[in-house]
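The two chains are supplied separately, each in an independent frame; assemble them into the complex guided by the hints.
Now for the letters of each chain:
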Amino acid sequence: MGKKLLMGNEAIALGAIRAGVNVVTGYPGTPSTEVLEVIAHNNPGDIYVEWSVNEKAAMEIAAGAAYSGARTLVTMKQVGLNVAADPLMCLSYIGVKGGMVVLAADDPGPFSSQTEQDTRHFARFSNLPVLDPATPEEAYEMIRYAFELSETVQLPVFLRPTTRVCHACGTVDVDDSREVNEPEGFVKDPKWVIFPSLAYRKHLHIEQLQHRLSEIFSQSDLNTVSGSGKLGIAASGVACTYVFEALEKLQAQVKVFKVGTPYPLPGAKAEEFLDGLEQVLVFEELDPVVEEELMLLCSSKDINVRILGKKTGNLPFAGEYTFELVCEALARFLGIQTEGADKTALPQLPVRQPVLCAGCPHRASFYAVKMAAKGQKAVFTGDIGCYTLGNAKPLDMVDTCLCMGAGITVAQGIKRTEPDTSCIAFIGDSTFFHTGIPGIANAVYNNTDITIIILDNSTTAMTGHQPHPGIGRTMMNSISEKIDIYGVVKACGVGHIVKGNPLDFKNSVELVKKAVAYKGPSVVIFEAPCIALFKPEVKNTVSEKCKKCRKCITEIGCPAISVDDGRVVIEPSLCYGCGLCVNVCPFNAIEKAEV
Amino acid sequence: MMNNQEIKDKKYDILIAGVGGQGTVLASRLLAAAAISQGSFARTSETIGMSQRGGCVVSHVRINSEKSSSIIPMAGADMLIAFELSEAARSLPRLKSGGCCIVNTQIIKPVSASLGTSRYDIREITDFIDKNSSQLYYIDGYRIANKAGSIKAVNVVLLGAAAAAGQMPFSREIIEQAIIENVPRKYSEMNQKAFRLGYDFILEKKAKG
Numbered sequence: 001m002g003k004k005l006l007m008g009n010e011a012i013a014l015g016a017i018r019a020g021v022n023v024v025t026g027y028p029g030t031p032s033t034e035v036l037e038v039i040a041h042n043n044p045g046d047i048y049v050e051w052s053v054n055e056k057a058a059m060e061i062a063a064g065a066a067y068s069g070a071r072t073l074v075t076m077k078q079v080g081l082n083v084a085a086d087p088l089m090c091l092s093y094i095g096v097k098g099g100m101v102v103l104a105a106d107d108p109g110p111f112s113s114q115t116e117q118d119t120r121h122f123a124r125f126s127n128l129p130v131l132d133p134a135t136p137e138e139a140y141e142m143i144r145y146a147f148e149l150s151e152t153v154q155l156p157v158f159l160r161p162t163t164r165v166c167h168a169c170g171t172v173d174v175d176d177s178r179e180v181n182e183p184e185g186f187v188k189d190p191k192w193v194i195f196p197s198l199a200y201r202k203h204l205h206i207e208q209l210q211h212r213l214s215e216i217f218s219q220s221d222l223n224t225v226s227g228s229g230k231l232g233i234a235a236s237g238v239a240c241t242y243v244f245e246a247l248e249k250l251q252a253q254v255k256v257f258k259v260g261t262p263y264p265l266p267g268a269k270a271e272e273f274l275d276g277l278e279q280v281l282v283f284e285e286l287d288p289v290v291e292e293e294l295m296l297l298c299s300s301k302d303i304n305v306r307i308l309g310k311k312t313g314n315l316p317f318a319g320e321y322t323f324e325l326v327c328e329a330l331a332r333f334l335g336i337q338t339e340g341a342d343k344t345a346l347p348q349l350p351v352r353q354p355v356l357c358a359g360c361p362h363r364a365s366f367y368a369v370k371m372a373a374k375g376q377k378a379v380f381t382g383d384i385g386c387y388t389l390g391n392a393k394p395l396d397m398v399d400t401c402l403c404m405g406a407g408i409t410v411a412q413g414i415k416r417t418e419p420d421t422s423c424i425a426f427i428g429d430s431t432f433f434h435t436g437i438p439g440i441a442n443a444v445y446n447n448t449d450i451t452i453i454i455l456d457n458s459t460t461a462m463t464g465h466q467p468h469p470g471i472g473r474t475m476m477n478s479i480s481e482k483i484d485i486y487g488v489v490k491a492c493g494v495g496h497i498v499k500g501n502p503l504d505f506k507n508s509v510e511l512v513k514k515a516v517a518y519k520g521p522s523v524v525i526f527e528a529p530c531i532a533l534f535k536p537e538v539k540n541t542v543s544e545k546c547k548k549c550r551k552c553i554t555e556i557g558c559p560a561i562s563v564d565d566g567r568v569v570i571e572p573s574l575c576y577g578c579g580l581c582v583n584v585c586p587f588n589a590i591e592k593a594e595v
Numbered sequence: 001m002m003n004n005q006e007i008k009d010k011k012y013d014i015l016i017a018g019v020g021g022q023g024t025v026l027a028s029r030l031l032a033a034a035a036i037s038q039g040s041f042a043r044t045s046e047t048i049g050m051s052q053r054g055g056c057v058v059s060h061v062r063i064n065s066e067k068s069s070s071i072i073p074m075a076g077a078d079m080l081i082a083f084e085l086s087e088a089a090r091s092l093p094r095l096k097s098g099g100c101c102i103v104n105t106q107i108i109k110p111v112s113a114s115l116g117t118s119r120y121d122i123r124e125i126t127d128f129i130d131k132n133s134s135q136l137y138y139i140d141g142y143r144i145a146n147k148a149g150s151i152k153a154v155n156v157v158l159l160g161a162a163a164a165a166g167q168m169p170f171s172r173e174i175i176e177q178a179i180i181e182n183v184p185r186k187y188s189e190m191n192q193k194a195f196r197l198g199y200d201f202i203l204e205k206k207a208k209g
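Those protein sequences? They're chains A and B, same order as listed. Numbering-wise, my numbering puts 20 at position 20 of the first sequence, and it's gapless, one number per residue. Numbering-wise, my numbering puts 129 at position 129 of the second sequence, and it's gapless, one number per residue.
With the rest of the complex left out, here is chain B (with noise of 0.2 angstroms):
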């Protein structure tokens, strides 16, 4: 076990992958929020402008990199919280080999799939993501978030999904702390129940092995 200094000051990089909507940005903030309520620093780089158009979006989450970049490298997350399938596959290169990765089982078809011009085969993206990731958890986050009150709290079942995961540097009350201090009063239980239900979906997956 670290102690807490050992945790304030481990490096940890989470990549946030997903489409453009799914609310992805309140979830990298939050976590970095929990960051900074611990005493550690954080960074964070987003997808903001036309690409939120139905885009790829992607938000990067550094803790303890003061002298780094925004931008986690190749191959150097140790968490990839991904909030669609097919974006799962293509922000895997960016998780370390032996990485957890959270996979939102959800699929959101772009217009160029229905048109026939680009192609989603959800067989061979998930063989994909079964052979290239060890620690691998999938959840219906939309059907949970519906549960809770709002698939619109997608993003918080997945934040849930990935503390249960167990291998963030912070624990899940620092996480349940930062979400009442930055979601609209009005969602703040709506989002607890979704945090909730995210950790517990995790929890009896791993009770099952």
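Just chain A, same shape as in the assembly (with noise of 0.2 angstroms):
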């Protein structure tokens, strides 16, 4: 193929067919989400590849199809990996035949997520090796080595690209060949069943692998050992890209160690680095993880060298790392004048918060419950995913947001807590399957009294439309018996479901008010596809009878209508004629045109 420019995502999936990848399982998650489409886009026809309900799911499917023999990817974001935490620590103790990758994409900033927790905590929990790529090149290469090192080690190697290498894009030599493994297939063997006493075998085991693999990885030409002086750079991922940029800026001379695997830390390469040093700083985003194996290391080989970074206050523990972070850290570090940035003023900007789009139903779907709830004492607690957005004023329907599948429970605390309080909770339908079914049964089983609003908009929206069980079509691109929402909120025991189309405003606002008088658990099913899904055929247009009473700005926030010199105007490129806006005027100057 040649040198293509590859995204971070694209490069780990191309190096996974590359590698002989045979089973892929995964959950969407910013910003891990395109490594499990492009492999399912470019399959040469023999590897499985699906979408999992959640990422517990996922990881057993491919600890499953590793102790078979296959090479195994499973992919998430960060947080993923707390869902599929319970199945992973015990992976640890009972291994893998077959290479099997944990993929892990953690997000410092964080752009689009809950937390800024660093995987690599997770690699040294589990006691499991990570690979930390600094570039998408790096990413590409890694993978391949990354099943190598499983198969060698027979234990699930992870593999924890950050958003700049996910998300940017570099030069890649793309080799078209492939590796071609062919898995032997399940062997029955005692080893596959954790006892208490194979763990306590297994745990003998794998604290030695770590001395192993330390060993391993101080042999591997990911982690490289360049320059001299008595002041030392400790690098790791991305951070890496811009120390190297840095040392470029301010000319400077320096012993580097480029860490591309944080742990187990390569110790002898390690050694090799600190030898005849003073100080070192160590420039990794997130948590402190090579600083802190550094330090453990200079204690326990009584290596006289102080290390620096975070837990010294060189460095900040939250947020992503920029150039201008690592260059002024740097510089004051070795002593270097740099001159301060010429900073002019920027003029007052529009705050661009990220909105629901114009036309999404899930406007309609909350401004429904808004008005079935006024003059009520009400709680509304969120969930991930598109629909989080509806926190943004004017709409304000989002009290609380915790994690996958938390809005149900959340709501039953609440509940508990406030019993004269109206706990209504949202929930998307990937996010139903995700984690949503627990709490629903929770709720009926305890007979507690809140309404859910189950928002199906027929697709993933917020990570790109990725499908479903609801929908039935799968990555392998068959189609399968969609599971239906109301059949299972039924079979759970819910006494009241009902479910409309939430652009019917009048009837959406009648069914969320009895749905909230129901004694007991109670769902209301809002269908309405995602604007992504579908061509508007209508669209909205202010006539002469608008008295600028600016009301379809100030109730729903939509971002097509705004005022231009003094007229309120509805942009035609942005409306989808979802109506809401018709709904809303008091003095019925919004009409429909047709496309």
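Treat the hints loosely; a few may be bogus.
[What the hints assert, rightly or not] Restricting the straight-line Cα-Cα distance to at most 27 angstroms, the calculated cross-link-like pairs of lysine-lysine (DSS-like) are:
no.: 1; chain 1: A; residue 1: K393; chain 2: B; residue 2: K109
no.: 2; chain 1: A; residue 1: K535; chain 2: B; residue 2: K193
no.: 3; chain 1: A; residue 1: K592; chain 2: A; residue 2: K535
no.: 4; chain 1: B; residue 1: K109; chain 2: A; residue 2: K592
no.: 5; chain 1: A; residue 1: K249; chain 2: B; residue 2: K8
no.: 6; chain 1: B; residue 1: K109; chain 2: A; residue 2: K545
no.: 7; chain 1: B; residue 1: K67; chain 2: B; residue 2: K11
no.: 8; chain 1: A; residue 1: K535; chain 2: B; residue 2: K109
no.: 9; chain 1: B; residue 1: K186; chain 2: A; residue 2: K4
no.: 10; chain 1: B; residue 1: K208; chain 2: B; residue 2: K131
no.: 11; chain 1: B; residue 1: K67; chain 2: B; residue 2: K147
no.: 12; chain 1: A; residue 1: K249; chain 2: B; residue 2: K206
no.: 13; chain 1: A; residue 1: K249; chain 2: B; residue 2: K96
no.: 14; chain 1: A; residue 1: K592; chain 2: A; residue 2: K551
no.: 15; chain 1: A; residue 1: K551; chain 2: B; residue 2: K109
no.: 16; chain 1: B; residue 1: K206; chain 2: B; residue 2: K96
no.: 17; chain 1: B; residue 1: K206; chain 2: A; residue 2: K3
no.: 18; chain 1: B; residue 1: K8; chain 2: A; residue 2: K4
no.: 19; chain 1: B; residue 1: K11; chain 2: A; residue 2: K3
no.: 20; chain 1: B; residue 1: K152; chain 2: A; residue 2: K249
no.: 21; chain 1: B; residue 1: K109; chain 2: A; residue 2: K547
no.: 22; chain 1: B; residue 1: K10; chain 2: B; residue 2: K206
no.: 23; chain 1: B; residue 1: K152; chain 2: A; residue 2: K592
no.: 24; chain 1: B; residue 1: K67; chain 2: A; residue 2: K230
[Said to hold, decoys possible] Pulled a few chain B residues facing chain A out of the computed Cβ check, cut under 7 angstroms:
no.: 25; residue: S45
no.: 26; residue: C56
no.: 27; residue: S86
no.: 28; residue: K109
no.: 29; residue: A113
no.: 30; residue: L136
Honestly, the hints are just simulated from the structure, not real lab data. Glycine included, every Cβ here is placed at the ideal spot set by N, Cα and C.
Here it is as structure tokens:
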């Protein structure tokens, strides 16, 4: 294929195909999503690829395939790894036969996540090795090595890219050859059954493996030492690229330890780096993993080098690193004077919070619930998806957001503490299948009087429209039986379930009122497709009758509606003709026009 | 004039700034593909995910910065292609002094500006851009894209404009070839027209001085 511009996630995907991956599972989550999609789109035909219902399922399916000798890849974002933590922790004891790579993408910043948690901690916690790419080109090479290493040590191996690797592009020399791995199949053996006695023996084994992994990594060219002097820089992941650029700018010569395998720390290589140094400054985004490992090494080997980084206040814990931040810290460490940046004050600029798209059916659902609950004491618990954006003003309809599936359960906790409050939980269709169902079962079992609004837009919209069990389409291009949300809720024993189209405003308000009034758990399923799934047939326009009261703007906050030269206008390229503004306008000044 | 090898090895950083949905990602991919096709090394970084829902988006295109990060340092960009007026102002601190700046005059008011919780003062923003850039070209990309067949082609109109500004280290033909190779065939002709119209608009502007 030659030299090609590849996004980090594409590079990882093509690298996995080249490495002969047999089975790929995952759950969508920014910034990891494209890895699985690119494998599915470039499937030579013999790779099994699926979106699983959640990360725990994905991890277990990948484990089963790896037990059977398949090379397997499981993909997720960092918080998805929390959902998969149970199988992961046990799997590190059980081990694998076929190479198994756990791709967990971290999100320094964060750009699209609830936390800035660091997967390298999970690697240390679970005693599993982790590879930390600095660029898409490096990720392309690392994924192949990850499969080989996994088979060598019979353990899952983490590949942990960050947003600036996943969603950055590099020029990659793509190799069209492909390794062939023919899985042997599952061979029955007591080693696959985790009993306490086996767990004890496996614990001894995995602790010993840590030393072996450290030795393997010390030999690996993923870890390099360059330069000389009494001052050293250690860097891991994307921080390496900022360090190299800053060293070029400052024209500084120092000893540099580029760490591609933060855990287990390549001990011998690290000692080679520390030899002759007085001080080391560690650059790594998120948590001080390499920093702590270097401190431990210095302490256990009685090496007298001072390790500086986050723990010593030289660098921040939170947020992503930048060239400026790294360059300034580096200059201070090396005692180099730099000119302060020329800071021209910006004029006041408009704030652009992400918002629900114009025409998004979630806006109509939120507005209907808001109107139905008007005058009542109510708490609205949200969940993870596009509809988290319902918290923005003027809708202001998300009072809590914790993690996948938590809207339904947090509502139950609030209800138990404030029985006179209407507790209304929102959840999307994909999140419903991910972790929503146990929460509904819990509400029925404990007869907790909450109302659950299921926002079914027939897709996983936030991450770029992945199919899910309610849609039936799979990543192998087959169609399976659609799982009916109504039927599942019914089977859970919910006593009051109704369906409606949220764009039918008046009816929607009535449906919500009745559901909230019902004693016991109730469910409203709002069905209307995401606007990305169809082309609009009508658009809305503002007529002469407009009195400029701006209620259409102040009530629903649609991004297609704005005020231009004192007139209220609807931008035709954004409008989907959902008609919510028609319902809001007190003067019937908004009309429908055919496209 | 630089010879071919010098052009191929020239370091050049382009920042593309806009609002989610304007097609900045395709624009940066086309520039990077053009660079690679002439044997240069390209690196880009884009805003993907939640911010795409009407938020600010920036794409960094770095040519021949193999050992550097994918993010252009402050005051480091050789060229800024802004897809929206206020986003031009927001991203100007990343442009080198003396760098080239293409500004689409289109205005996208966020909900916060309509609600009155934030301000969009066109005059103040334009003054700031005028004061802080030396090689500056304004272009009504929205209108020109419409003329080419679809307002969605605004990204390619602006690439045409950027190519005509005459600073990028690759020829017009190489970018046009990248458009042909990377845009779906049914939109190819429209995009080629969009590129030409953007290119010609800036050439005429330059001719008029």
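*asked:* Hinted pair, alpha-carbon criterion (27 angstroms max): K10/B, K206/B. Please report holds or violated.
replied: With a Cα-Cα distance of about 24 angstroms, the restraint between K10/B and K206/B holds, given a limit of 27 angstroms.
*If you draw a straight line from the CA of K592/A to the CA of K551/A, is it 27 angstroms or shorter?*
holds, 18 angstroms
*Is it true that the CA of K206/B sits at most 27 angstroms from the CA of K96/B?*
holds, 21 angstroms
*Satisfaction of hint between K131/B and K208/B, Cα-Cα up to 27 angstroms*: Holds: K208/B and K131/B sit about 21 angstroms apart, inside 27 angstroms.
*Given the proposed pairing of K249/A with K8/B, does the C-alpha separation stay at or below 27 angstroms?*
Holds: K249/A and K8/B sit about 22 angstroms apart, inside 27 angstroms.
*Is the straight-line distance between the alpha-carbon of K535/A and that of K109/B 27 angstroms or less?*
holds, 23 angstroms
*K67/B and K230/A: Cα distance at most 27 angstroms?*
holds, 24 angstroms
*With chain A as the partner, please determine if C56/B meets the hint condition of a C-beta pair closer than 7 angstroms.*
It holds, given that the least Cβ distance between C56/B and chain A is near 5 angstroms, below 7 angstroms.
*Are K592/A and K535/A close enough, with their CA atoms no more than 27 angstroms apart?*
holds, 15 angstroms
*Sort out whether K96/B lies within 27 angstroms of K249/A, counting only the CA atoms.*
Answer holds: K249/A to K96/B is near 15 angstroms, not above 27 angstroms.
*Any CB of chain A closer than 7 angstroms to the CB of S45/B?*
Interface hint status for S45/B: holds (4 angstroms vs cutoff 7 angstroms).
*Could you grab the alpha-carbon distance between K535/A and K193/B and see if it respects the 27 angstroms cut-off?*
holds, 25 angstroms
Taken one by one, the earlier hints fail for this structure at numbers 11, 12, 17, 20, 30, listed in ascending order.
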